[in-house]
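Chains as they are written, first to last, in our numbering: chain L, 1202 to 1680; chain H, 519 to 931.
These are computed hints drawn from the structure, not numbers from a lab.
Nothing here was measured: the structure is a model prediction, and the numbers come from that model.
Watch out, some of these pointers could steer you wrong.
As the list claims (entries may be wrong) - What follows is a list of derived Cβ distance ranges for each label pair:
id, chain 1, residue 1, chain 2, residue 2, range
1, L, GLY1497, H, GLY884, 53 to 59 Å
2, L, SER1410, H, ALA644, 30 to 36 Å
3, H, PRO811, L, ARG1490, 28 to 34 Å
4, H, VAL606, L, ALA1412, 35 to 41 Å
No residue lacks a Cβ here, since even glycine has one placed at the ideal position from N, Cα and C.
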Amino acid sequence: MLDTLTEALRDVLPADSVISDPVRLRTYECDGLTYHRATPGVVVLVETAEQVARVVRLCNDFAVPFVARGSGTGLSGGALPREDGVLIVTSRMRRILEVDLPNRRAVVEPGVTNLAITQAVREQGYYYAPDPSSQQICSIGGNVAENSGGAHCLKYGFTVNHVEACEIVTPDGDLVTLDRMDPGYDLLGAFVGSEGTLGIATKVTVRLSRAPEAVTTVLAAFESIEQGGRAVSAIIGAGIVPAAIEMMDALSIEAAEAAVACAYPAGAGAVLIVELDGPAAEVERQFARLEEICSGAFELRVAADPEERAAIWKGRKSAFAAVGRISPAYIVQDGVVPRTSLPRVLAEIDRLSAEYGIKVANVFHAGDGNLHPLVLFDDAEPGAGERAEAVSGAILDLCIEHGGSITGEHGVGVDKAKYMPRMFSEEDLDTMQLVRCAFDPRGLSNPGKVFPTPRLCGEVPGVRKGVHPLVESGRAEQF
Amino acid sequence: MPAQEVAQGWARTGVTVRDAGPDDAVCGVSPRWVALPETVEEVSAVLRVCAEHDLAVVPAGGGTKLHWGPAPERCDVLLDMCCLNEIVEHAAGDLVVRVQAGVTMEALSAALADKGQELALDLPFAEGTTVGGTLAAAVAGPRAFRYGTARDLLIGITVVLADGTVAKSGGKVVKNVAGYDLGKLFTGSFGTLGVIAEAAFRLHPLPADRRWIVAVVDPPDVSGTDPCRAEELAAMLAAAQEEPSAAELDWPHGQGPIWLTVLVEGTAADERARALAGRMGADVVKDIRDEPPPQWGLILDDDVLAEVRFDPSRLTRVLDAVHYSGFSLRGSAVSGRVWLELWGDPGEEKVTEAVTALRGRLDAAGARMTVLATPYEGVQRWGPVGSLPLMRRVKQRFDPGRRMSPGRFVGGI
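Excised from the complex, chain H in its bound form (with noise of 0.2 Å):
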């Protein structure tokens, strides 16, 4: 491409674009420029100007996810959102927030709670992620058992597509059902189908107050019983009327005992963990804490990781397929989504090995296993996905010259 158009083409947006340098790659492909747009009327015209010239965008928030996922086909231009970064409506009495996609976790959680409200989503990592990324990559943390993902709680989004257009769905009233809820195809898709400018959330109180209980229990073969006792524990929590917000595993290594901890938020927590924690047995509870234990629901390690998601009824077969396979295991037992992660760096040909050896494991267990982090492009990252055809399609339509973070996606897409 003549650099000199397109830099004329940068010019002609008043956009703020640097030279790339070797930290700005994405799972080691430099883009060679960086654009740092302020506005949603910025980002349209920056993927205008790329729309003109071909060139392929990556969008990025805080980048604690962006070695996630396989290196994109193509990387021209870097689109750092970080300078979108304005709360632009919070209505406490709705319950209802507006944001930026550049705007980080952390401030939204500040300016949130200052009203004693919450984004009830819980993130990967304690600091760095934006509104956009948490979007874009969905993962789900602890509470998602109570409260949904990140497309339960989205209300309302703003889009920039690969032509520039700039389009909205939804809103800022949480009961809407008029048109697509683009906001659903948008969480999750990884930067694929445009670039989420600004999104609308639906709010709760902050909880009155909030109890951990942590208990310890034996991994499935030891006790022998089947189903094993983190699956007896989780059935019983899932049930209880007690209603817990999350029940989560911690499993270092995949071996040795399990720690199972449940919180439990909200009006007279503090007695009903004490009347769960009684259910749960006083040979397997350990304590009651009014903090959360270190690192609750975050990622230790994401060079080597994966996520597993399963019925709930399978816990026992999971956690037997997990058990010394090298794998560390956390998430939630109720809602049948973990994390696996592989701690210290093996080498290609061993992740690959595991990885391979754990999937047919899981697969017989009637769990799904999508690897979300690699370094190795050898590692299968996806199972069979029966409606990637649609998927294929609906990418087609919103980005027809495949700019979009090409490649990047499941299946290729």
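Next up, chain L with everything else stripped away, as it sits in the complex (with noise of 0.2 Å):
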């Protein structure tokens, strides 16, 4: 079958677009999240909206799942590919179509990094707000399939809040346009974010941000993980909304300082970064107030360039990949409590880490409850790997018990699909189904990922019609 159809990929696409060397296709086994791995069955990489149209249409024609992916940079295999599919690769689509200062947008293909929108309008004193760590390399495309957030979020929203129209090929194969200005449904807020399983974005207008008049960052070094807390509460409670509040642990300031000697203060048991930025004059009084709730701090300091920010953001933006230093491996978890359960749940997770061994840095979006637990372990060692993976997921646990979610901003994916139902109810994951059948009715773009066992679109819980061909064929799971 996937003979046949890379033979039709061949009659319609470019030469060199359709890769099917087994060599080649290795280097495309699996996104930012290792250990998740499938050869696909063949890869294209296609160039233009008609061309992704084409190539899903074929898919559909040999009914062929197919798994878009943009530059790989995901963490929770999202865009892990089918062996028996097709990956539609958007990397080379990577023009900035327009930029329209006078009405503060950009349209951009899925493939243009997220910096790449930023620094094409720095100069005019403008930015994307959406700011994931992997900003240098990741894509547009993934991003909307994500709903990536960033650091800044916490002021300025997520990639759905930034994303004014996503032009999309459906999963049967139409092109068509998703518009917030349009009347009728908001198609484009339940698109943003559905991890590639309801089609793929083409071409992307986004939202750009006047840049604004002053920002200063902040570093507050705390002797305890408690007293670091106490202060992000007070933040809040005196009605300031920072652009990012980040805390780290005295493990993960440990792991920064060794791989990247960003010189926190010593001794520090949980170092906040917090930004401020707006208006000057509302910078500087709330500056004012933060001095005051950080009185606590055995050191405070201040950055008031884009040197002295880097200088602070340094070690925070490094922390994920530092721990590679403390630790021979390590698993990097995303969860959300309620910001006010943060003290409780960090207890816990001492708790957790003490009980099966497993040493646990923390690092999060403190402002948003967003926890970043970097679980390590050796490798090495025999079954320290399946202790660090109960850890991490009791850690999940944690997060659903408080009220929070399973993932902030890593996504679902393949990784988190088996949490699902703790998080949602059958019902509630039957009537996201509702979604992907309206768009996606034969089950073929990105199948596997999100829900743990989809239903057929149109079956009807507890009738049963025969064997489905999906399932006969083996492509797809009823229960």
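Bring the two chains, given one by one in their own frames, into a single complex with the hints.
Shown next as structure tokens:
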């Protein structure tokens, strides 16, 4: 089946766009989450929306699943290929088609990197607000699929709040524009964050933001994580919405120090990075208030220019990679709790850590309760990986118990599909499937992601009418 | 339908159901019953009875916008959500609130203000609107420029589908990308996908201070410049690092001078407002006030009401198109979204004529006009919508029996 499809793909695409050589295919076997791997059946490097549509229509003709991939930086396996399917890579679609400053927007192809948009408009005093930490590499198409956030989404929101329109290829292969300004259902809102299961974005209109007049970045070092946590509560309680509030614990500071020599204050049990931005008069007064709030800190550093700011952010931004210096292997977790539950949840994580004999370094977006525990283990030690996974999973259970979420920004992908039933009821998941079935009745668009066991469209629960062809051919599971 | 069986169905639910009266009609279509559920489970029970007997349902909150949109194809049950009026949880430290759909926005605002917080949505009517109706109609107010619209502030939703299924998505944390966002889909869906039963919102601290800069500018053709002064000011305001929250136009009858009111809020609001006013020019700025001007952000007359959306750089052309049309224009110069109101009813023929002519001129100006309310069914409400086939498929999946507000939405959905 795939061989015939590959032939058909070669007929409609330029010669160098179709990859079927087994060695080259392996380049695409995983995304940023490297422990899920699958060699794609065939890879196409598309260059236009029409090509995407043609590929998708062919996939429909052959009833073959397809997966879209941007830069492959995702951390939940959302772009994990299918061995029996087509991987549609959009990284050649990297033109910025239009910059329209009077209307504060840019129209870009999906392969354009997040940072490239900001770089295109920075000199004019604008930027693209969502800033996932992979922004130098990650693509806008991927950001749309994952509804990416970043350190500054506390104040400015996520990708979905900054996308005005998307041209998409639907799972049927139709080219449709979803525009926020259209009357009718907010299909754009449903599409953003659907992790490639509702179609493929081929053109994205993003909103550009005006650069703030003033930015002040503060690093406050506390003796304990509790003290840092109290400062965060006081900031929110004072009615201040900083652009970012980040926290690191002693272990993650140690790792950052070893990796990038960020020179954070020695002996800190926690550091807090607070960034204030906005009109100069506002930032100035909020900073004065912030100084009072952080009076319990044993050291307070203030960055007034971009270099000093970069120095403060250096440790935080390197934290994920840095733990590699202090641990042979680690799992990056992503969970959310209501901000006020942070102290209790952190204490619980400590308890889990002691119980399993597994160290956990905590780096988190403290302003919105988004935790990124780094679960450290030695993969050479028998059983350590399993214990680390158990801790990592137990942290997600904690998040759910406290009314939070199993993912704040990395997405569900394949990695967390099995946790969805812990957060959502069967009715919730079935209702989400209605959206899926409206867009993708044949279940060809990135199947196996987000939802644990998709119910086939058109099936009424409990009513069986013989074996579905997809089940018969082993491409779907029925329950 | 056998009324007796239905009555038995109601009795089984334990929900208060009364016979409908003439005041309960939706756009002239009278329901037979009015159901008053008090819990999410009761909403579900009512909808299950409706499913059993193929009864069409129109959900209603405060009823302030119930006359908007086309008349329902049929309406057997008016689902009055007023009794789901509990603020379930206000986690002030988390800047999050969970509320039932029937809570009025005034009650919610008052409760939040007690803790120095607000849901940053402006309401088009001073009283009576509910959380559910606000979401279902998703009308954007002045401060949408800064805070976004209802869909941007909604973080979780509980809905009841036509078959009685209770489903939720999102949650009560702001940052959350688990699963599809049903909240976005239901926001602005005018009751056609199901019933919004409960919602969770992200909140903002109440601004420390507020100032309104009141200015008056000439309409486009009087000053003879292109772009007109209003557009120039809008462009400056949208890019201003003083970060105004809103810039509202008010142009009664689409003729004479245009009022432009700019809201600056937050810390150092006065200082920032003065700086902005200086840049706007002493020739146009009339006042800086610490109270909103009368009728700030309100819809004044919605017998015939349209919404126009456009790129802010097309403001001059939009104003040109509306000039002398008889419509009053109110709305955001910086977001590119204004309401057109026809004050006084000139009758069906004239309304149809006026709307058709205006839509032609606005189309030519690159703007899109949607008629939100009109008593006349002959008026063309929507322009072309590219993704309509997908919308129909969504509707078909959520409400295959077409029982939820049938015919009330774009394309007759």
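- Numbers of the earlier hints that this structure fails to satisfy, in rising order: none
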